[in-house]
Amino acid sequence: MSENVRVRFAPSPTGALHIGGVRTALFNYLFAKKHKGTFVLRIEDTDQTRYVANAEQYIVDALEWCNIPFDEGPGKNEKFGPYRQSERKDLYKKYADELLEKGWAYYAFDTSEELDAHRKDHEANGKTFIYNWHNREKGRLVNSLVLSEEEVQQKISAGEKYVVRFKTPQDEVLVMQDEVRGEVKVNTNTLDDKVLFKSDGMPTYHLANIVDDHLMEISHVIRGEEWLPSLPLHTLLYRAFEWESPKFAHLSLILKPVGKGKLSKRDGDKLGFPVFPLEYTNEKTGDVSRGYREDGYFSDAFINMLALLGWNPGTEQELFSLEQLVEAFDLARVSKSGAKFSPDKTKWFNQQYLQQKTEEELATLFLPLLEKNNVSSDRTYIQKVVSLIKERAVFVDDFWGLSSFFFENPTEYEAKAAKKQWKETTGDLMTELVTVIETIEDFSIENAQTDIKGWITSKEIGFGKVMQPLRLSLVGKLAGPDLFEIMTMIGKEATIKRIQNAIAALS
RNA sequence: GGCCCGUUCGUCUAGUGGUUAGGACGCAAGGUUUUCAUCCUUGAAACAGGAGUUCGAUUCUCCUACGGGCUACCA
Numbered sequence: 161m162s163e164n165v166r167v168r169f170a171p172s173p174t175g176a177l178h179i180g181g182v183r184t185a186l187f188n189y190l191f192a193k194k195h196k197g198t199f200v201l202r203i204e205d206t207d208q209t210r211y212v213a214n215a216e217q218y219i220v221d222a223l224e225w226c227n228i229p230f231d232e233g234p235g236k237n238e239k240f241g242p243y244r245q246s247e248r249k250d251l252y253k254k255y256a257d258e259l260l261e262k263g264w265a266y267y268a269f270d271t272s273e274e275l276d277a278h279r280k281d282h283e284a285n286g287k288t289f290i291y292n293w294h295n296r297e298k299g300r301l302v303n304s305l306v307l308s309e310e311e312v313q314q315k316i317s318a319g320e321k322y323v324v325r326f327k328t329p330q331d332e333v334l335v336m337q338d339e340v341r342g343e344v345k346v347n348t349n350t351l352d353d354k355v356l357f358k359s360d361g362m363p364t365y366h367l368a369n370i371v372d373d374h375l376m377e378i379s380h381v382i383r384g385e386e387w388l389p390s391l392p393l394h395t396l397l398y399r400a401f402e403w404e405s406p407k408f409a410h411l412s413l414i415l416k417p418v419g420k421g422k423l424s425k426r427d428g429d430k431l432g433f434p435v436f437p438l439e440y441t442n443e444k445t446g447d448v449s450r451g452y453r454e455d456g457y458f459s460d461a462f463i464n465m466l467a468l469l470g471w472n473p474g475t476e477q478e479l480f481s482l483e484q485l486v487e488a489f490d491l492a493r494v495s496k497s498g499a500k501f502s503p504d505k506t507k508w509f510n511q512q513y514l515q516q517k518t519e520e521e522l523a524t525l526f527l528p529l530l531e532k533n534n535v536s537s538d539r540t541y542i543q544k545v546v547s548l549i550k551e552r553a554v555f556v557d558d559f560w561g562l563s564s565f566f567f568e569n570p571t572e573y574e575a576k577a578a579k580k581q582w583k584e585t586t587g588d589l590m591t592e593l594v595t596v597i598e599t600i601e602d603f604s605i606e607n608a609q610t611d612i613k614g615w616i617t618s619k620e621i622g623f624g625k626v627m628q629p630l631r632l633s634l635v636g637k638l639a640g641p642d643l644f645e646i647m648t649m650i651g652k653e654a655t656i657k658r659i660q661n662a663i664a665a666l667s
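Heads up: the first sequence begins at 161 in the working numbering, then just goes up one per residue.
Worth double-checking, as some hints may not be accurate.
[What the hints assert, rightly or not] Derived lysine to aspartate or glutamate pairs resembling EDC-like cross-links, with alpha carbons at most 16 angstroms apart: (1) 422 - 386; (2) 422 - 385; (3) 507 - 454; (4) 407 - 385.
None of these hints come from the bench; they were simulated from the model. Just so it is clear, the structure is predicted and the values come from calculations on it, not from any experiment.
Use the sequences and the hints to build the structure in full.
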């Protein structure tokens, strides 16, 4: 790419950013970095009625946590600022006027009620109401194409509400190029004359978007597929302004794992997995939605998973660092079809990332959990514990459940296992085992193994008869790492104590 | 309803006219671990349907079906 690559992520601050939005941001980020370009954040807050105050900060925080921060945006490197459309409000009127002057747009005075009536009317007759040349000059709509100039001026100066609509050309087949889909063709006769400028003095998405992308010198627009239907309008707007159009890439949607439709913000907690990167508190209702961060996912695992949803490198590699993703990313390998989201695969990625972390890192992450359980222990001990249990874990949050017996005596014994493994004779056997253990001077893995195994062999009983109840005594259930590791970790005293506890409780 | 986009194992996907249709998640079986998990091996599992083009279609074209998106003075 010889030109200067500038891409933007342009969310609307109406709430938390969900994973579909994060993926759009990610693909923009990867594309920008791949081409040594700039990743811009623009806040599209032209709809005052849907504005949510904490949303913008949430978006910034989410990108930060994902490690895909913007290069340019609100409060950062403001070369093309401001980056909030509400702060650019005065700008758009001028461009709407330009279109009006050139004859690419017109005033419309129809009220929402009148338009609804037209739509209903058409529907009743089995027709589709389109606000374009089919209807606009037939006298049933009130706009500057049918009204005289005096009438229009009169209405405006009388304070009558109006919008500015785009005047879609007639009888033309637009052939557009999409970077992931190839050619897209649309007949302009099927297009609505979209509102560009609202009666509240704000531009609509369509106008603001085109004006800002142009002014901010955006080279590639990478956005969700839900925008594909407005590509013709946007293409026409660039033509009307006589501006060079950026290249477009429309990303397929992320679908619900089960059932129908695209994943939406409301799905998350209902379906049992988060749809947001970070926990989010709804300002109005106070409802709290789960986040991947709070659920214990590593951000790099989360990003790795998202990158492979709708994109693939064409090789069999699945684990990518962010740098590797930047290196491998290519819009041409983005898939055209929608992808169902998979919570299972997300967990798998997290497990992979957890296994890759060092014991030092994991021990540090484990510390708060230990504190929560009122356990303090020395660092080397904790690291040793982590090394013994990490391969069983998917999340750091699993650690305590997998290792509590390294820090405190079991307080209960799993009933089913006890019933099966603790027979009538087990008590006596365990008592004898205690005496064996007591005689081991240097309580190392090797010595414990030699002595205990030797004793079992001499007794001519099955290993299971001893080892299973022993495990039950030390762990409280039939799970966990090698028993000799556990015994030497907790020490001779605790081992004996736990066996005696078990004898008292189970015999 | 109209317009647009899509359709390979249950899911994510590789595949660009000739392949035993490959990988991953998940699932199942076996092995390892005298436990559990990990790990290893193996297995089941897919080209939506129909026409055409072609010596030959998963791959190209058309139709149908299905899925998805949009259809607001929301983005």
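Evaluation of the provided hints:
Note on residue 422 and residue 386: the hinted pairing holds, with a Cα-Cα distance of about 10 angstroms set against a maximum of 16 angstroms. A hinted pair counts as satisfied when its Cα atoms are at most 16 angstroms apart, and residue 422 with residue 385 qualifies at roughly 11 angstroms. About 14 angstroms separates the Cα atoms of residue 507 and residue 454, which keeps this hinted pair within 16 angstroms; it holds. As the CA atoms of residue 407 and residue 385 are separated by approximately 15 angstroms, the hinted pair is consistent with the 16 angstroms bound.
The structure agrees with every numbered hint stated previously.
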